[in-house]
Amino acid sequence: MIVAIAVPPALVSLLAWSTHPGPEQERWPGRPQLNKVSGVPATPFITSDRIDQLQNGTFKPSSKDIWVATYPKTGTTWTQTIVNHINGFPPLERGQYPFTYCPWPEVSLGLPPLRYSIEEINDFKRWEGPVGGWRCLKSHWHYADHMADAGKRVIYVMRNVLDVATSFYHHSRRFHFVYLDMADVSFDAFFEMLKAGNVDNGDYFDHVASWWAVKDRPNVLFVRYEDLLADPAAVIRRIAAHMGVELTDAFVAQIVELSSFRRMKQFYGGDVGEIVLTAVGALRGPFFRRGELGTYRESVNAEQRAWAIEQYLRKLAPLGVPRDWVIPAAAVGEPG
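Numbering (mature numbering (1 follows the signal peptide of the UniProt record, and there is no 0)) for the sequence shown: -21 to -1, 1 to 315.
In case anyone wonders, no lab produced these hints; they're calculated from the structure.
In this text, all values refer to a predicted model and were calculated from it rather than measured experimentally.
Cβ atoms here follow ideal geometry from the backbone N, Cα and C, with glycine treated the same way.
Hints are not guaranteed to be accurate.
[Claimed, not checked] Straight-line Cα separation of at most 30 Å, DSS-like style, residue types lysine-lysine; simulated pairs:
#1 LYS194 - LYS15
#2 LYS15 - LYS174
#3 LYS194 - LYS294
[Said to hold, decoys possible] For each label pair, taking beta carbons as the anchor points, the in silico distance ranges come out as:
#4 PRO109 - SER42: 37 to 43 Å
#5 SER42 - ASP160: 37 to 43 Å
#6 GLY67 - ILE97: 42 to 48 Å
#7 GLY18 - GLU282: 24 to 30 Å
Turn these sequences into a full structure, and let the hints steer you where they fit.
So this is what it looks like as structure tokens:
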């Protein structure tokens, strides 16, 4: 009985240890749970040493790299899955994740399939798509030359900030072993973290602005989460064209099904690892929660909406970012 009680906390502690750095890593002053990496708050398992490796020549880029770059909770896994299928990889089996074919190079701590060494990622043949010939790489980083310089392709995915805030809150609560400081945090308290930039990858508006500056480069494609929901086939065709891959209508329909929210939610929810980690308290709730538009209405209040609109007008409107890409049309003038 004592063993049964002790195992869950011990496992959570072990997982937390595997995803958190040692004392040599500088922490983010506004939220010590996060790391300070290149002046940006980063997830505990992303360290300064790894970002240095990506930018100092240790990482070997290729002209056949395609980066799926996003602010957290804007459709990363969805887009990775689409790219993997366009690239010719088979549907994932239970227990596999998009990282199986599209790794996240910024991650230096944790266990596979989340973490791979730079040497493993540099093994291009391991990741090369059998059809497209691309090496897909995931990133939540702000714009940096290791991703978007000439010769590489980038897909940057955007989602309105209010739905991002809601999804990000539940995401942070879910990964208890990563975000140990989020166990009892309310949505309003989390929104204050978001406003202060004390969340993974910092301020949403600054992140979008950094990528918007390169949006007109021919190697950069902007995709909206809202468009993926409204017409996934059309977005899949745009992504395929960006990758130089021709798709039949039948294959587009197949990718729509294989990457659908329903299928991904069903697939990941039944994974044994997910079940075990949920049972011991390391994970809290599903990874795929709702996948809908307008979920912010359940949590975001009038004051928070007003702040988001003010930030858009100050930081993104002058750059030409369309308002409805950032603030849902329904949120403008909604009653409290």
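These are the hints, each one checked on the structure:
1. LYS194 - LYS15: Distance of about 27 Å is within 30 Å: holds.
2. LYS15 - LYS174: holds (17 Å)
3. LYS194 - LYS294: holds (16 Å)
4. PRO109 - SER42: 37 to 43 Å: violated (18 Å)
5. SER42 - ASP160: 37 to 43 Å: holds (41 Å)
6. GLY67 - ILE97: 42 to 48 Å: violated (25 Å)
7. GLY18 - GLU282: 24 to 30 Å: holds (29 Å)
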